[in-house]
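Each protein sequence line maps, in turn, to chains A and B.
Count the first sequence with the working numbering and you get residues 1 to 294, in order.
Count the second sequence with the working numbering and you get residues 1 to 789, in order.
One or more of the hints may lead you astray.
Claimed, not checked - Taking beta-carbon pairs under 10 Å as the criterion, some of the chain B residues facing chain A (in silico):
1) A38
2) Y118
3) F280
Derived by calculation from the structure, the hints in this document are not laboratory data.
The beta-carbon is built from N, C-alpha and C at its ideal position, and this holds for glycine as well.
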Amino acid sequence: MKPARFVYHAPTTLDATLQLLAELNVDAKLLAGGQSLIPMLNMRLVRPGHLIDLQHVSELAGIHERDGGVAIGAMTRQRQVERSPLVAERIPLLAEAIRHVGHLPIRTRGTIGGSIAHADPAAELPGVLLALDGTVRLASARGERTVAARDFFVDILTTAAEPDELVREVWFPSLPPRSGSAWLEVARRHGDYALVGVGAVVTLADDGQAVAAARLCFISVAGRPVQATQAEAALRGAPVTPATWREAGALVREELDPPADLHASAHYRRHVAGVLAERVLELAARRAQEGAGR
Amino acid sequence: MPTRIFGERIKRAEDPRLLTGRGRFVDDIDLPGQLHVAFLRSPHAHARVRAIDASAARAMEGVVAVWTYTDIGPCQRRMPLLIPHPDLTHPYTRFALARDEVNHVGEPVAMVIAESRYLAEDALEAIAVDWEELPPVVDIEAAVRPDAPLVHEELGTNVAAHYVGIVGDPDRAFASAAHVFRERLVIERSASMPIEPRAILATWDDTDGVLRVWDTTQAPIVIRNALAALFGLAPTQVHVVAPDVGGGFGGKIMVYPEEVLVPYAALALRRPVKWTEDRFEHFVGTNHERLQIHDAEIAVDSEGRILGVRDRFLHDAGAYTPYGIIVPIITACQLPGPYKVPNYHVEFRAVYSNTVPVSPYRGAGRPHACFVMERLMDRVADELGLDRAEVRQRNFIQPDEFPYDVGLIFQDGAPTRYDSGNYPAMLDRLLQEMDYHRLVSEELPRLRAEGRYVGLGIACYVEGTGIGPYEGAHVRVEPTGHVYVATGMPQQGQAHQTVLAQIVAEELQVPVETVHVIEGDTAHFEFGSGTYASRSAVVAGSAVALAARSVREQGLRLAAEELEVDPADLLVEDGRVFVRGTPERGFTWAQLAQLANPLRYAYAGDLAVRPRPWSGPALPQGRQPALEATEYYSPPHATWASGAVGAVIEVDPATGLLQFHRLWVVHDCGKVINPMVVEGQIHGGIAQGIGGAFYERLHYDENGQLLNASFMDFLIPTAMEIPRIEVAHLETPSPLNPLGVKGVGEAGAIPLPALVAAAVEDALRPFQVHVTRMPLSPDELLRLIHTEA
Ligand SMILES: Cc1cc2nc3c(=O)[nH]c(=O)nc-3n(C[C@H](O)[C@H](O)[C@H](O)COP(=O)(O)OP(=O)(O)OC[C@H]3O[C@@H](n4cnc5c(N)ncnc54)[C@H](O)[C@@H]3O)c2cc1C
Numbered sequence: 001m002k003p004a005r006f007v008y009h010a011p012t013t014l015d016a017t018l019q020l021l022a023e024l025n026v027d028a029k030l031l032a033g034g035q036s037l038i039p040m041l042n043m044r045l046v047r048p049g050h051l052i053d054l055q056h057v058s059e060l061a062g063i064h065e066r067d068g069g070v071a072i073g074a075m076t077r078q079r080q081v082e083r084s085p086l087v088a089e090r091i092p093l094l095a096e097a098i099r100h101v102g103h104l105p106i107r108t109r110g111t112i113g114g115s116i117a118h119a120d121p122a123a124e125l126p127g128v129l130l131a132l133d134g135t136v137r138l139a140s141a142r143g144e145r146t147v148a149a150r151d152f153f154v155d156i157l158t159t160a161a162e163p164d165e166l167v168r169e170v171w172f173p174s175l176p177p178r179s180g181s182a183w184l185e186v187a188r189r190h191g192d193y194a195l196v197g198v199g200a201v202v203t204l205a206d207d208g209q210a211v212a213a214a215r216l217c218f219i220s221v222a223g224r225p226v227q228a229t230q231a232e233a234a235l236r237g238a239p240v241t242p243a244t245w246r247e248a249g250a251l252v253r254e255e256l257d258p259p260a261d262l263h264a265s266a267h268y269r270r271h272v273a274g275v276l277a278e279r280v281l282e283l284a285a286r287r288a289q290e291g292a293g294r
Numbered sequence: 001m002p003t004r005i006f007g008e009r010i011k012r013a014e015d016p017r018l019l020t021g022r023g024r025f026v027d028d029i030d031l032p033g034q035l036h037v038a039f040l041r042s043p044h045a046h047a048r049v050r051a052i053d054a055s056a057a058r059a060m061e062g063v064v065a066v067w068t069y070t071d072i073g074p075c076q077r078r079m080p081l082l083i084p085h086p087d088l089t090h091p092y093t094r095f096a097l098a099r100d101e102v103n104h105v106g107e108p109v110a111m112v113i114a115e116s117r118y119l120a121e122d123a124l125e126a127i128a129v130d131w132e133e134l135p136p137v138v139d140i141e142a143a144v145r146p147d148a149p150l151v152h153e154e155l156g157t158n159v160a161a162h163y164v165g166i167v168g169d170p171d172r173a174f175a176s177a178a179h180v181f182r183e184r185l186v187i188e189r190s191a192s193m194p195i196e197p198r199a200i201l202a203t204w205d206d207t208d209g210v211l212r213v214w215d216t217t218q219a220p221i222v223i224r225n226a227l228a229a230l231f232g233l234a235p236t237q238v239h240v241v242a243p244d245v246g247g248g249f250g251g252k253i254m255v256y257p258e259e260v261l262v263p264y265a266a267l268a269l270r271r272p273v274k275w276t277e278d279r280f281e282h283f284v285g286t287n288h289e290r291l292q293i294h295d296a297e298i299a300v301d302s303e304g305r306i307l308g309v310r311d312r313f314l315h316d317a318g319a320y321t322p323y324g325i326i327v328p329i330i331t332a333c334q335l336p337g338p339y340k341v342p343n344y345h346v347e348f349r350a351v352y353s354n355t356v357p358v359s360p361y362r363g364a365g366r367p368h369a370c371f372v373m374e375r376l377m378d379r380v381a382d383e384l385g386l387d388r389a390e391v392r393q394r395n396f397i398q399p400d401e402f403p404y405d406v407g408l409i410f411q412d413g414a415p416t417r418y419d420s421g422n423y424p425a426m427l428d429r430l431l432q433e434m435d436y437h438r439l440v441s442e443e444l445p446r447l448r449a450e451g452r453y454v455g456l457g458i459a460c461y462v463e464g465t466g467i468g469p470y471e472g473a474h475v476r477v478e479p480t481g482h483v484y485v486a487t488g489m490p491q492q493g494q495a496h497q498t499v500l501a502q503i504v505a506e507e508l509q510v511p512v513e514t515v516h517v518i519e520g521d522t523a524h525f526e527f528g529s530g531t532y533a534s535r536s537a538v539v540a541g542s543a544v545a546l547a548a549r550s551v552r553e554q555g556l557r558l559a560a561e562e563l564e565v566d567p568a569d570l571l572v573e574d575g576r577v578f579v580r581g582t583p584e585r586g587f588t589w590a591q592l593a594q595l596a597n598p599l600r601y602a603y604a605g606d607l608a609v610r611p612r613p614w615s616g617p618a619l620p621q622g623r624q625p626a627l628e629a630t631e632y633y634s635p636p637h638a639t640w641a642s643g644a645v646g647a648v649i650e651v652d653p654a655t656g657l658l659q660f661h662r663l664w665v666v667h668d669c670g671k672v673i674n675p676m677v678v679e680g681q682i683h684g685g686i687a688q689g690i691g692g693a694f695y696e697r698l699h700y701d702e703n704g705q706l707l708n709a710s711f712m713d714f715l716i717p718t719a720m721e722i723p724r725i726e727v728a729h730l731e732t733p734s735p736l737n738p739l740g741v742k743g744v745g746e747a748g749a750i751p752l753p754a755l756v757a758a759a760v761e762d763a764l765r766p767f768q769v770h771v772t773r774m775p776l777s778p779d780e781l782l783r784l785i786h787t788e789a
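Bound-form chain B, shown alone:
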């Protein structure tokens, strides 16, 4: 019997090292003679740079260079527009150092390179900038008015993109509907807060003519290619490593100014140069997300069946659009969620403001979409006097309706086509886990009779995961029997070293500890795009599986040749390839790797098997000296994971504090490679979702100053704020990829704002509170209670 490894709860291989402080992050790496960088960042949201006088700073002790726009040679080009879109009619990207204008607080203006970070920061204070302040644009609703001041004068508008997507005939559906309900819904600005901020170390190696860069990026190959192009180097002359990455959540997939400037400094000064982002810089220098204002309406028949949805929303793009309009496109495509929406009109304007640019943060437009759709569903239930679960059941896409086309083009340019799922079973399972009917009919009434404000919420979501273009993997069996695996993905804590090893171990039937996964190093694998969009397990995982299968075939073929049997008579089990029925006739993988490699000398001493003497070429046509394969996997389109969450929440109406009694998740990400890792992803996502529902909000004032740019004031929930999370798995395999897997990276973060809104509203029914904006706060809750009561 083959041993089951895929699907097992195997402990994360990376944890003993990380938990005992032996992780190696960029800032842990120091090179002899290394210089340090500090950036002068704009204190203004919108201003013209009239002149910069850096002469005093340049003269300071320990300062090697002070650069402004004029000093940065090849980096003087505008930063790239990474993802264009036909509806992004007015894209705009920045200069690595402001040329003549700054458009948000925190925008890099000058760069000090000094013998220490302390001296570099001292020198920042000596740089004099002559600013001409311009009117800041902060409120995106005001920004779209005709008389609004402009963020980018030359664009003539603050609207970067205007997108309209229409499915069916929404106007007719609305005209004939029994009921139409409207909501204005807001999700506030937020940002990812990885514990490791960004960091870059670069050095030019004269001995081999290679620019080496360590970067906490989610996309080292993208960075490598960008640097090679920018500096006119061959791609092989740029070596980028993303070592341990302490969280990314989307914010680390970009080509940021610092990511080109620090390597350029290393090139120009011929010394190693390091920059580590501090937390303040992270708040104002790393991309944000979330702010959208939706005007949504739903048309239903008298039974609560959806006839149509119309949604018009404003999306805050921030000051620049380096990542295109990925976030609002995802919102638009995913808004219908697991429900049949036969007629759908979605329209958004992506609006420039003098704030930090917006790009995906875990959830990436989906928490917004889920919040809107689930608020509408709750509204329908409440207005029609239906149970909230029942309304959802009536509208689900049914299991026999897959593949299901939403009718819009998704973020990857492919159709928004749900590949598989079983939404009715998913919600049934949730209700069963919750003991929903007993909760509703007994438990909650009993608690309410005691004068307690307890409420129940449910929310459902889908998540388009595992998008292209492609990823690749290299798998090789070493003559020791160990297996080497390389991919183009870096990792940011998701346990790739464990789950990718499980995939290989399953295919080759070797112990998982003998599989070594190397990632995030362009010297090991040169093609691919990175870890984002819940795609690593799906896309890289599939490539790994294909490569491992190819190696397995090679092993079978070689063993068959050596044993002079038909490959079909061979079994792969227990780390060996052997003849069915006579297990002693066979080879270990180590022996096969040795047999594959007809060397004259090496390994000879400890060879378990000897290659047969050869006549003719040692390697006959079609043979290679290793059991190895490189394979790529390119999905036809996204694969759609789904989930349903439920919670019982208690609110103290006197203080506005809330407390979770229970929190349930039923999740379907297709075949589960490792349930523990999936649960970890869900737990982390839920924690961030709770942040998005009750804690995390970036506050800009009307001048574009970020008022809470520190962990004193930007509140991330801690372990104390996260309740026990009860997770159940469903497995509806994806038909799209060789493993049947779907992504899970963002899952938990998506439904929490919708869930908390529903549960809070239910808890506060006596006050008739209506929740329309996220995140909530104790203050906001009291305000709702007092104004509604």
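For reference, chain A alone in the conformation it holds in the complex:
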């Protein structure tokens, strides 16, 4: 379990990093927190010729309010996000979900950009980004572009980023008024990748008695985070009642087609996705009613 030989680079500016990335292209891997990449290197599942360490590129870190949401630099550590009062206030779904990412030491090193770029189908942050309809800002020597979450995640460990592009920043929009959000997941152990996870945003109508709009996104049920669009459509205009959540859960079971692995069968994932949908919608709606925002 030792990595194959590679050349190590530690650039200190974004420009220098993008230059290196342009030159080395597919022969390079970016190193962020290393919490996913280092095990893969050690198991020789990836063997890049060059490793570009982003740790010293200070331009890539930071949490800022922007355009009605919060922009988080790729190299911001997950633990910083977890402890940020701004995130807690403006993007409560992110604050809630990020506690489920591994364990404290892992979040202390792991980064926002690393998690988004790695695009593990069981990872929380891509699910949150999709649930909130956020965006990813990519940078390369060729310039910058912004990609919506729904277009960014393509398949298992595969994103819309080109080999010469890096994730520069991730933007999470704040909730509209009369909205509540919630994150629930089932994992084998505390800190494990979820067997099924779900994030919900429920926006209530003016009278607070019906759902004006809902977003419902699952992780660990496909090669990428999945939006339960049929359930979302059925929720629009539905009354805030247990029956509504139950029906949404039933629709979720119909529209998802989860895979099986050692830890859970497809049946388990489908069933539990429905259970969690029901629970998470109820929770998000209650929060919306209480004005808790979460």
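Mind docking chain B with the ligand on chain A? Use the hints.
For chain B with the ligand alone, coordinates are given in the frame of chain A:
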């Protein structure tokens, strides 16, 4: 009044060092010029090795040698069969590096020795092996069918051993029984996962002609003797040290290929050589345990009294049997547990498969046995409409029935004879700790009325501990008053340095901090077999006590001579030996040690007492220059610890997740040397037991590929998954040894699968779920709920 030290909650002497990162494990030790080893391991479960081309690897930068079977000189012999058994009619052990066939994924095939581990692993990729794949045998039920492909062609069978044990007349008992209940019960494959994987560092020391080996083994003396025999060296020319060992749990008691190959490389290349197992290697290179499939039946009378038990089981031996059939023998002997089973038929077949070999892992066949027996007891209770505790009470061996013979020969070759115990009191205490009757009649009904799925389980077990052959100890009082203790045991985290020191401190009445225990070093003690089978406190502890008592006698005799009094008039207290009634007339242990040693010069400056001028030999006949003794203790047979556990568990039937509300343990390991250490052992065992009940399972696919060979997928419970564990101690002393102690090392791991099965079943009674296999998982629970409902 003597100070009580034995039995006190004394903090572990080893902890300040270990907790502040000052432990010294094998991989922490580096020698100048050291080389590193990486092993090429078989990617196939079953294959013939047609040819190996290592020429490209040998030519690589930094590579010192690449060895295959033909290159390993004395290591070309088959690995030893450590524990033969008459019923092991078809034993089979491997070659250190595969000669012509591999029998499991992970089997070592070639060995690269290079200037760094990185370069060594690079070179592995350059070795070309010409494989001829053979049909893999993975499913042990299929393996015993007549047409099954064979793991070892030349044996002509996949059955390594067929054992039958019969007590009484089981057939008659079953024929006349009011009720007979049958169960098919499965415990899946698992393995020990010490945080420190295996590691070996070896060097040949030319100055004194000694092969020095640091090895994370549970049995350094065994390794020393094996290496000496293999390399034709005198035992004193091989020095093996097991420094801090970061957990073993049974997996580190073996003579593994790496344990002979790395020292051989040091001998052959005349350079220090190190190998540290990585986690992947641990999964496929260190022995596994657990898989057994039982077809069990119990015959009872109309009151639920056991008339007989019949059990036929298949035991997965893995690819080789280096450790014999210890695990299934233990299962067979311990299956009756704390109950009177007058008629018993047990039969097993140990079956070869193309998987990692099986040898003991904490619990060692007992979790299986306990699961089977306790599932049967629960079944009897449920079928007869009796309380689960009541059925157990009706069947316990009574306190006046000891010694109690189960009627079979145990793993040590001695009778399975329970020496002492009080099982009715043990269960009563558990019920009292749990407030059982209130739980059953008030608390659980109240929670269930709220729509919650809560359940209660209990389970009882016995554990044969402290087996022979023997262990020894050396105790010496130094002229400084410190006490030196050495044994042949290594430690793997169990606090020997604390508890063995307590035994000595109690005997000599000295502060426990002044007793220094040295272990795991063949230069300090040369006889013994190692730490396993919950035997260290019993066997080494007893030897330590005997040696300390001998030293105490020597001290008394010497003091009596010097003071010209009768030894019977002397007291030992407060670190001194003195005359009863006149405490100022006496000596400290330091003074006695100095008096014992009639030196001319040394210590003279700071001697507290001066030896009297001698006439004739300085050391008269029968005297030695030190207060020291070496004693051995050899138990007549195992001593039997016991316990009862209870739990309240809640299941979320929508997700299959479970949660412990409470978890109680009543444990009886005879005299307790240190309650805190015993509790630590129980906590650790329970944690592993919870692993065995809900998390830890090795998944092989039908091709013999291990699908979850990493901590990403093999789930060990973390502190977050372990509930608070409420422990109560009972002390029924063992009559067998001088301390009255019994072992506790494996205790917690034994009853948890049985306990969780019982509690889950109780919680899910509305769904009529029946739990017959371990471990469970959320997925498995949902499947049970949905198919039964
Ligand atoms: C024991 C354990 C448990 C874990 N549990 C969870 C969990 O429950 N949920 C979860 O979501 N994650 C979990 N993780 C993964 C963890 O969250 C990682 O931190 C995360 O997946 C990757 O972030 P990183 O900063 O460590 O990235 P790295 O490991 O350094 O990189 C990951 C990948 O992303 C690429 N990359 C990194 N940064 C960029 C960038 N700015 N632009 C483009 N590409 C980039 C790298 O080249 C690499 O391919 C766990 C990890 C461990 C070790």
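Here's how the hints hold up against the structure:
no.: 1; hint: A38; result: 8 Å, holds
no.: 2; hint: Y118; result: 5 Å, holds
no.: 3; hint: F280; result: 6 Å, holds
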